[in-house]
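Use the sequences and the hints to build the structure in full.
Going down the list, the sequences are from chains C and V. 1 is the number of the first residue of the first sequence in the numbering used here; add one for each residue after it. 1 is the number of the first residue of the second sequence in the numbering used here; add one for each residue after it.
None of these hints come from the bench; they were simulated from the model. Since the model is a prediction, treat every value here as computed from it, not as a measurement. A portion of the hints provided could be inaccurate.
To be verified - Incomplete in silico selection of chain C near chain V, CB under 8 Å: (1) Glu42; (2) Phe65; (3) Gly106.
C-beta: ideal position from N, C-alpha, C; glycine also.
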Amino acid sequence: QQQVRQSPQSLTVWEGETAILNCSYENSAFDYFPWYQQFPGEGPALLISILSVSDKKEDGRFTIFFNKREKKLSLHIADSQPGDSATYFCAARVLATGGNNKLTFGQGTVLSVIP
Amino acid sequence: GGIITQTPKFLIGQEGQKLTLKCQQNFNHDTMYWYRQDSGKGLRLIYYSITENDLQKGDLSEGYDASREKKSSFSLTVTSAQKNEMAVFLCASSIDWSAETLYFGSGTRLTVL
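Okay, here's the thing in structure tokens:
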């Protein structure tokens, strides 16, 4: 059962547009939501993250919007650039005692930005 | 800064073979992870190790063994390669068990003939 779901599976936007990547989850105990960016042939790298106590997090052109009641979040990439073309993973963590934390990843969204 | 080094980058095996993937990190991080990446399925956790001498099963541990030889190294063994076992295996580390930031290697691509 997929606890973290992403949509769309793939997304194509023109350079300069805002790309919107969606994520939803089932477990109310998730408290931390990082987004990872992966380029072909490389491992994922942390892009931006948000804690469940916040509803928005901005870092340059990247913004996370978080709706705890609906268990949804989205990553907005403003002024999309061809260099943003990559796979984006939404992940979620339950902060557990005893060191048993682990990230659950969504299936990813492949973003293509056309010049 | 630091780096995660995975060896080999490409691994070709025969069905039924035992195969070992290796991972080294020089971040001096406590926690290390093995994930499997399949197209369209995201990343799934196989094994993780909170500290040296610790080993925890993830959601996909059946068919795999792992070993944390020392703080800087974490190995994964495919105990019997299966025909449908074609995926990228990613090693990662984090400073501690909080899993706030994972640093990934570039992966080992496994192909089973």
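**Prompt:** How about Gly106(C): closest beta carbon in chain V under 8 Å, or not?
**Reply:** With Cβ-Cβ at 5 Å, under 8 Å, it holds.
**Prompt:** Does Glu42(C) meet its interface restraint, that is, does its C-beta lie within less than 8 Å of any C-beta in chain V?
**Reply:** holds, 5 Å
**Message:** Hint Phe65(C) vs chain V: min CB-CB distance below 8 Å?
**Reply:** violated, 20 Å
Checked against the numbered hints above, the structure breaks only hint 2 and satisfies the rest.
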